[in-house]
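Peer 1: Sequence:
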Amino acid sequence: MSLKMSYSDQELEVMLDDLESDLVERKESWAGDAPDKGRQAVCAFANDLPDRRKPGVLFVGARDDGTPAGLTVTDELLLTLADIKYDGNTLPSPTLIVQKRILKGADMAVVTVQPADAPPVRYKGRMWVRTGPRRGLATAQEERILNEKRRYRDAPFDIQPVPSATLHDLNRLQFEQEYLPNALAPDILAANDRSYEQRLSACRMIAAAEDPIPTILGLLMLGRRPTHFIPGASILFLRIDGAELSDAIIDAAEIDGTVSQMVRALDDKMKSHNRVRVDITSGRIEKRMYDYPLTALEQLTRNAVMHRTYEGTNAPVRVSWFNDRVEIISPGGPFGEVTADNFGKPGIVDYRNRHLAEAMKVYGLVQRFGVGIRLAQSALAKNGSPPAEFEVQPTVVFCIVRKSR
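Heads up, the final residue of the sequence shown is numbered 405 in the working numbering, and it's a clean run with no missing numbers.
Calculated directly from the structure, the hints in this document are not laboratory data. One should not assume that every hint holds.
EDC-like mimics (lysine to aspartate or glutamate), calculated; alpha carbons at most 20 Å apart, straight line [as the list claims (entries may be wrong)]:
no. : residue 1 : residue 2
1   : K345      : E391
2   : K269      : E254
3   : K269      : D251
4   : K100      : D117
5   : K124      : E142
6   : K85       : D64
7   : K271      : D241
This one's a predicted model, so the numbers in the text were calculated from it and none came from an experiment.
Model the full structure from these sequences, guided by the hints.
Peer 2: In structure tokens, the structure reads:
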């Protein structure tokens with residue numbers, strides 16, 4: 001998508017008057033703390049946290065209310081402003097245009113800053129962002145959002161290579177005996193004369209056949225020791241004899257390994273702690289009710305593994321099984337089209353880890369995309385259980401499944 005490179009005089013004058021815009025910064029002159037704050041603004045415009053995908057504008061020679069300050073715009077000032085791109089304080093170097101414009105009948109220096117192709121951008125090692133008229137340092141969650149914005153333009157995170165890993169860190173036997181037979185039809189697999197590296201590359205498990213560096217996906221699905229490279233790639237399971245984390249723990253396991261190994265080990269844990277009640281008095285046919293329908297727990301925990309963030313965190317997925325409920329915590333908030341307001345609504349789905357989702361489907365760990373929560377809620381209803389509850393925060397999704405009555 002092509003970006004607008006500059007604005008007309010009329011557009012700039014409208015922007016001068018918009019006091020709530022996240023695309024505008026005004027400075028009366030380039031003296032005092034203005035050079036420092038102006039560079040912070042350039043950094044914020046380049047980061048484009050609100051994802052406007054439009055250039056931001058730094059006006060030098062304008063008051064806070066947008067009226068001209070009567071500044072004399074010299075060639076020296078224009079050169080000084082242009083040097084923002086080259087002085088090495090803002091990295092990666094911003095793409096900007098510096099112009100002398102006549103706006104509202106007066107000279108102004110106008111710095112037009114393009115959104116960066118590869119955010120985050122930092123000024124003197126600090127990441128500046130802008131939301132509305134507020135300019136400030138990025139929070140941890142805002143930094144994560146900027147990292148994910150970069151992945152829209154670069155390779156998605158789950159198929160980015162891990163330079164410290166080698167081909168020997170992948171389990172070839174698992175790939176050839178488990179993954180490929182599920183990924184390809186038997187006749188296609190039999191006729192396929194590609195090399196091992198070519199097959200790995202075709203499945204996005206390595207960067208390329210000629211550059212066989214394992215990807216995040218490869219390590220998650222085939223890695224011999226995934227947590228050596230992705231520290232948060234594990235599941236913490238706790239069975240607590242009570243209703244509070246401070247109560248006695250009667251079973252605890254930190255489950256690691258490949259995604260398929262983790263999910264199946266967690267399934268076994270949940271089966272071992274689930275209980276069934278048989279009602280033989282309320283009807284002619286006995287009725288079985290589980291504390292928790294296993295289908296619901298499987299759907300919700302697999303969703304947590306699939307949709308979590310594996311970037312910038314060492315936190316595992318947490319499954320805490322209390323006497324009255326099961327809590328599931330997935331690191332990473334909503335992604336893309338999914339927001340806190342539309343989370344779980346039919347038809348609203350997006351994937352932080354699209355290729356991981358596809359690989360989990362190959363293994364049969366998920367059947368259809370975008371229906372996990374609905375399947376879980378349906379299973380809970382059939383079991384006579386309350387619906388699952390969700391608390392969606394910027395950096396975590398918190399789910400509660402309550403014991404059937």
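Peer 1: Decide, hint by hint, whether the structure agrees.
Peer 2: Status of the hints after comparison with the structure:
For a cut-off of 20 Å, the pair hint linking K345 to E391 stands: about 14 Å separates their Cα positions. For a cut-off of 20 Å, the pair hint linking K269 to E254 stands: about 11 Å separates their Cα positions. Among the hinted pairs, K269 with D251 is consistent with the structure: their alpha-carbon atoms are about 9 Å apart, no more than 20 Å. For a cut-off of 20 Å, the pair hint linking K100 to D117 is broken: about 26 Å separates their Cα positions.
Distance hint between K124 and E142 is fulfilled; the C-alpha atoms sit about 18 Å from each other, no more than 20 Å. Between K85 and D64, the direct Cα distance comes to roughly 25 Å. Violation of the 20 Å bound is thereby established for this hinted pair. With a C-alpha separation of about 17 Å, the suggested pairing of K271 with D241 holds against the 20 Å cut-off.
The structure fails to meet hints 4 and 6 from the earlier list, while all remaining hints are met.
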